[in-house]
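Under mature numbering (1 follows the signal peptide of the UniProt record, and there is no 0), read the sequence shown as residues -29 to -1, 1 to 289, first letter to last.
Please keep in mind that the hints were generated in silico from the structure rather than gathered at the bench. Take these hints with a grain of salt, some might be off.
[As the list claims (entries may be wrong)] Have a look at the derived ranges for each label pair, beta carbon to beta carbon:
#	residue 1	residue 2	range
1	Gln144	Asn260	57 to 67 angstroms
2	Ser205	Ser20	35 to 45 angstroms
3	Val45	Glu212	53 to 63 angstroms
4	Arg257	Asn61	20 to 30 angstroms
5	Pro23	Lys132	15 to 25 angstroms
6	Gln144	Asn86	16 to 26 angstroms
7	Ser22	Lys132	30 to 40 angstroms
Glycine is no exception: its CB is placed at the ideal position from the N, C-alpha and C atoms.
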Amino acid sequence: MFMPSMAASRLSFFIFATTLLFLTAPSQQIDDPIQFTYSGTTGPDKWGSLSPNFSMCVNGKAQSPINIVTSKAVLNKNLKPLIRSYGPTNVTLVNNKFNIGVRYPDHSGVLTIDNKIYTLKQMHWHAPSEHRIDGQRLAAELHLVHIADDGSVSVVAILFKFGHPDPLLARIQKKLNELAYEVKRHEESPITVGPFHPTEVRKRCHKYYRYVGSFTTPPCTQNVIWNILARVRSISRGQVEALKSPLDMRCKNNARPCQPMNGRHVELYDEDVIVMYVLARLVQQRVSNLISLQKASSDLINPSCKTKPKPRRWMAPP
């Protein structure tokens, strides 16, 4: 998957520039045309033809989202825990027309993968979920988008099922209602949330799935490292409706269909299994050492003669 250094550098710059364009561009006005939607003539199956910049949406061979078949996920004992450090910061709630997002200022949080630091830039929601687990589509999905200094992108995805309200969304519920109210007034501008500390999304992760894919929205840029947390959180139906309410009618169900794997593999990090594996190896090594020690002790106590004495021949007395 990796290219020569010069080509990789150019690709990283393109990813970085494209991502910044989408992450930092001001929110569209209510009467601005939407370049893509999730239904009709501008729906997912038409994205590739809407703009030359969207060609990867139809031509890319490593697209997202995907259906994660848990029985086929390959345990990778070399994967490390996701180290996430998100501090309290002033954030902005934005209606992107195709999703509701929270925009972060610089230096507000980081994700560390293999000693490489990715800075948290924004997070946004999709409802229903985009990734499927064993063919099942869930109620919603939260994407936390991180970018490294070289332009590399890594996304942490959290899946939700219907149930109790999500504490994180509960903190910005009033702001979501304000977004919906602004849409009704045909006015829109980013809404300042104020100090925001996403403690709920930085809890220790014991199990996750990883694969290399793409953005799930145009321009569908590839080489994105996806980390899908295995623990499914809960969200209320009212919260899902609040996420959909400010959106354009054609984007209220903003989940792209699952894309072909095209030979890709999903890796699994499972802390419990890895710990058991390490313990089993230690026990195996300890048993092996004890057997060797026991054998050495036995040899010292009962040394074996290398040569057996010849039996004496009996001779009759003269």
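Status of each hint after checking the structure:
Distance hint check for glutamine 144 and asparagine 260: the Cβ-Cβ separation is about 59 angstroms, which falls inside the suggested range of 57 to 67 angstroms. Checked against the given bound of 35 to 45 angstroms, the beta carbons of serine 205 and serine 20, roughly 38 angstroms apart, stay inside it. One distance hint, 53 to 63 angstroms for the beta-carbon pair valine 45 and glutamate 212, is violated here, with the actual separation near 38 angstroms. For arginine 257 and asparagine 61, the hinted distance range of 20 to 30 angstroms is not satisfied, since their beta carbons lie about 53 angstroms from each other.
In this structure, proline 23 and lysine 132 break the distance hint of 15 to 25 angstroms, their C-beta atoms being roughly 39 angstroms apart. A C-beta distance of roughly 38 angstroms is found between glutamine 144 and asparagine 86, which places it outside the suggested range of 16 to 26 angstroms. As the Cβ distance of serine 22 to lysine 132 is approximately 35 angstroms, the hint placing it in 30 to 40 angstroms holds.
Comparing the model with each earlier hint shows violations of hints 3, 4, 5, 6; every other hint is respected.
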